[in-house]
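Chemist: Please put together the full structure from these sequences, using the hints given.
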Amino acid sequence: MSWFVSILDFISVQILNVPAYLIGLVAAVGLIAMKKRPGEVVAGGLKAAMGYLILGAGATVVTNSLAPFGNLILKDTGAHGVVPTNEVITAQAASEYGAQSAYIIVLGFIVMIVLARFTPLRYVFLTGHHMVFMSTLLAVVLSVGFGPGNGLWVVLIGSVLMGVIMVVMPAFAQPYMNRVVGSPDANLAIGHFNTLSYIVSGATGAAVGKRSRSAEDVKFPQGLSFLRDSMVSTTLLMLVLYLVFAIWGIFVIPRDELLQIFASSTSGASAGVGAFIMAAFAQALQFGIGVAIILYGVRIILGELVPAFQGIADRVVPGAKPALDVPIVFPFGPNSSLIGFLSSLVGGLVTLALLAVWLGPVFGLALILPGMVPHYFDGGGAGVFGNATGGRRGAIVGGFLNGILITILPAFLLTVLGSLGLANSTFADSDFAWFGTVNGLIARLGMPAAPLLMLVFAVLLVAAAWIYKVRVVDSGWLPARSRATWLESQKEEATHS
Amino acid sequence: MKVLCVCGMGFGTSIILKMNAEKALAKLDVPAEVTTSDVSTARGSAQGADLILTSAELADKLEGVAAPVEVITNFMDAAEIESALAKHLT
Numbered sequence: 002m003s004w005f006v007s008i009l010d011f012i013s014v015q016i017l018n019v020p021a022y023l024i025g026l027v028a029a030v031g032l033i034a035m036k037k038r039p040g041e042v043v044a045g046g047l048k049a050a051m052g053y054l055i056l057g058a059g060a061t062v063v064t065n066s067l068a069p070f071g072n073l074i075l076k077d078t079g080a081h082g083v084v085p086t087n088e089v090i091t092a093q094a095a096s097e098y099g100a101q102s103a104y105i106i107v108l109g110f111i112v113m114i115v116l117a118r119f120t121p122l123r124y125v126f127l128t129g130h131h132m133v134f135m136s137t138l139l140a141v142v143l144s145v146g147f148g149p150g151n152g153l154w155v156v157l158i159g160s161v162l163m164g165v166i167m168v169v170m171p172a173f174a175q176p177y178m179n180r181v182v183g184s185p186d187a188n189l190a191i192g193h194f195n196t197l198s199y200i201v202s203g204a205t206g207a208a209v210g211k212r213s214r215s216a217e218d219v220k221f222p223q224g225l226s227f228l229r230d231s232m233v234s235t236t237l238l239m240l241v242l243y244l245v246f247a248i249w250g251i252f253v254i255p256r257d258e259l260l261q262i263f264a265s266s267t268s269g270a271s272a273g274v275g276a277f278i279m280a281a282f283a284q285a286l287q288f289g290i291g292v293a294i295i296l297y298g299v300r301i302i303l304g305e306l307v308p309a310f311q312g313i314a315d316r317v318v319p320g321a322k323p324a325l326d327v328p329i330v331f332p333f334g335p336n337s338s339l340i341g342f343l344s345s346l347v348g349g350l351v352t353l354a355l356l357a358v359w360l361g362p363v364f365g366l367a368l369i370l371p372g373m374v375p376h377y378f379d380g381g382g383a384g385v386f387g388n389a390t391g392g393r394r395g396a397i398v399g400g401f402l403n404g405i406l407i408t409i410l411p412a413f414l415l416t417v418l419g420s421l422g423l424a425n426s427t428f429a430d431s432d433f434a435w436f437g438t439v440n441g442l443i444a445r446l447g448m449p450a451a452p453l454l455m456l457v458f459a460v461l462l463v464a465a466a467w468i469y470k471v472r473v474v475d476s477g478w479l480p481a482r483s484r485a486t487w488l489e490s491q492k493e494e495a496t497h498s
Numbered sequence: 513m514k515v516l517c518v519c520g521m522g523f524g525t526s527i528i529l530k531m532n533a534e535k536a537l538a539k540l541d542v543p544a545e546v547t548t549s550d551v552s553t554a555r556g557s558a559q560g561a562d563l564i565l566t567s568a569e570l571a572d573k574l575e576g577v578a579a580p581v582e583v584i585t586n587f588m589d590a591a592e593i594e595s596a597l598a599k600h601l602t
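Read top to bottom, the protein sequences are chains A and B. Add 1 to a position in the first sequence, counting from 1, and you land on the number used in my numbering. Add 512 to a position in the second sequence, counting from 1, and you land on the number used in my numbering.
Hints in this document: simulated from the structure, not taken from any laboratory. All values derive from a computational prediction rather than experimental measurement. For glycine and all other residues, C-beta sits at the position ideal for the given N, C-alpha and C. Warning: the hint list may mix true and false statements.
[To be verified] Partial list, derived from the structure: chain B residues whose beta carbon lies under 7 Å from chain A: (1) Met-521; (2) Phe-523; (3) Gly-524; (4) Thr-525; (5) Ile-528; (6) Met-531; (7) Ala-544; (8) Thr-548; (9) Val-551; (10) Ser-552; (11) Gly-556; (12) Ser-557; (13) Gly-560; (14) Glu-569; (15) Thr-585.
[Stated by the list, open to error] Below, simulated SDA-like cross-link-like pairs (lysine to any residue); rule was C-alpha separation at most 20 Å, straight line: (16) A/Lys-37 with B/Leu-537; (17) B/Lys-539 with B/Ser-557; (18) B/Lys-539 with A/Gly-312; (19) B/Lys-573 with A/Lys-48; (20) B/Lys-539 with A/Pro-319; (21) B/Lys-535 with A/Ala-264; (22) B/Lys-573 with A/Ala-264; (23) A/Lys-37 with B/Ser-557; (24) B/Lys-573 with A/Leu-237; (25) A/Lys-37 with B/Lys-539; (26) B/Lys-535 with A/Pro-319; (27) A/Lys-36 with B/Glu-545; (28) A/Lys-36 with B/Gln-559; (29) B/Lys-535 with A/Arg-38; (30) B/Lys-599 with B/Thr-553; (31) A/Lys-36 with A/Leu-47; (32) A/Lys-76 with A/Val-274; (33) A/Lys-36 with B/Lys-539; (34) A/Lys-37 with B/Val-542; (35) B/Lys-514 with A/Glu-41; (36) B/Lys-535 with A/Ala-321; (37) A/Lys-48 with B/Ser-557; (38) B/Lys-535 with A/Val-317; (39) B/Lys-573 with A/Val-233; (40) A/Lys-36 with B/Leu-537.
Modeler: Okay, here's the thing in structure tokens:
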């Protein structure tokens, strides 16, 4: 029977343990389940596997650009500086945690479908990239906490946590989502792991903007909309950050050390200050290039995986609400999303200053620099939710609070990411940060207490969301009711006069 | 018929739009190839497309491309997508 064992061993080690092949197989199985033609199945599987490998190639480019940047910040400020970018941290984690996260995504999806089928939490989470990020995050924090040799537990517990978070967050946000869409029972749910910020923004909007008009009533300059192009915005921000720290370095770092900073990524030490500045410029562009490559890979993978997942979900839980990516709310508040983005960036910078002068030195937290992609999408979403419950004031305050949350929470998350926490990047959005930190802290209890407590935590989350869904969401509760009546009365006055 | 769906990153809402557009095209009984793209590369990917579907905020980024651009407000609204597609059937 030894040949049989070696075949199994070959399959498990050489195929199922290689994330790219695993993702390709998952995509192929999904396409078969959707009854696609054999040619499409082969093409889809192959493309998904290659997408994963492209992701890895992009990670190398980004890591090469981020390493000297981290070094530069460290020498300038004495603190560890981090740019939260989900794509980057996922790509960096892929080689070590890729296989486990691939299993978590598949099993987590099954857990989600079961919950959606048999509980009132009838949501199907379809934001593929956030599923990839969440599964990677869980694979990392659980592996770090459980210790080596517990891979099976990481996958099992990770899948439960993954399935649970995918149905509870859309449920908690649903009343606010209904306000955004303007329907007491919208056929859409938010499926984006920054839901904590959206709920905070919606709730705060209701509190601060009782008599504030909608931001959509104002004419807003469209001059900033070029930042919607992530390739442009990411690279521009990185250029600014890189040059700020490089110029800072000219003043505080001894000259011979300064010229060595880019030695590893260029062909040797910079020849002078001019060459040093241009090396910084080139590395910022490299970062943008690396992110573009990673995104290309993500796009290929998700183009195959998401339709397969949706096809399966449609068959098992017909009529469940799709929980979708945050830009789905942007058409309901284009002005608000721009306001939210800007105030989120301000909130992020204020929090960065707080981290630099107080929280960093006292608690040893890293400097979280603003990532353009998360501030644009998360801040924009928070702006739309804030506007829906509290008008302009809601959009401004909601965006600002989002900026604080997605800066301070990732700083805490870094403390549970183990050696990956030194990678100069981290997960950006608020749900990754709070859910990852909570589970990371539980995971520190080690075996067997940690997995048990996590199961308890998962059950509590489902129970809370179940009660909330039945008592609050299904009863038709909407936030900011007094503002809605006020808006109605304003409208009536306008028609009478 | 070649249809291109565009969103900010090219893997979030554009995939949702693609799936719904495919459903609508199947209902209209039109053989079609639907692809997705992000707004950065959409001008390039639009080569050879017969129609582009996107949201209102991104439509102005696609000015000047050869293919007609249709704005979709609700990406889950099958009727809206179907009527946008129907306009461009030859």
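Chemist: When the nearest CB of chain A is found for B/Thr-585, is that gap smaller than 7 Å?
Modeler: holds, 5 Å
Chemist: Against chain A, with CB atoms and a cut of 7 Å, does the hint on B/Gly-560 hold up?
Modeler: violated, 18 Å
Chemist: Taking the closest Cβ pair, is B/Phe-523 under 7 Å from chain A?
Modeler: holds, 4 Å
Chemist: Does A/Lys-37 pair with B/Val-542 here, judged by a C-alpha cut-off of 20 Å?
Modeler: With a Cα-Cα distance of about 18 Å, the restraint between A/Lys-37 and B/Val-542 holds, given a limit of 20 Å.
Chemist: Holds or violated: is there a CB of chain A closer than 7 Å to the CB of B/Thr-525?
Modeler: holds, 5 Å
Chemist: Does B/Lys-599 pair with B/Thr-553 here, judged by a C-alpha cut-off of 20 Å?
Modeler: Given pair B/Lys-599, B/Thr-553 is violated - Cα atoms ~25 Å apart, limit 20 Å.
Chemist: Is the straight-line distance between the alpha-carbon of A/Lys-37 and that of B/Lys-539 20 Å or less?
Modeler: holds, 17 Å
Chemist: Does the alpha-carbon distance linking B/Lys-573 and A/Ala-264 stay inside the 20 Å limit?
Modeler: Violated. B/Lys-573 to A/Ala-264 sits at ~39 Å, over the 20 Å cutoff.
Chemist: Classify the hint on B/Glu-569 as holds or violated, based on whether any CB of chain A lies nearer than 7 Å to its CB.
Modeler: Cβ of B/Glu-569 sits 5 Å from chain A, so the hint holds.
Chemist: So if I understand the rule, the pair passes when the alpha-carbon distance is 20 Å or less; does B/Lys-539 with A/Pro-319 pass?
Modeler: holds, 19 Å
Chemist: So, B/Gly-524 near chain A? Judge it on the closest CB pair being under 7 Å.
Modeler: Hint on B/Gly-524: holds, closest Cβ of chain A at ~3 Å, below 7 Å.
Chemist: Given the hint that B/Lys-535 pairs with A/Ala-264, test it: the Cα-Cα distance must not exceed 20 Å.
Modeler: violated, 54 Å
Comparing the model with each earlier hint shows violations of hints 7, 11, 12, 13, 17, 19, 21, 22, 23, 28 and 30; every other hint is respected.
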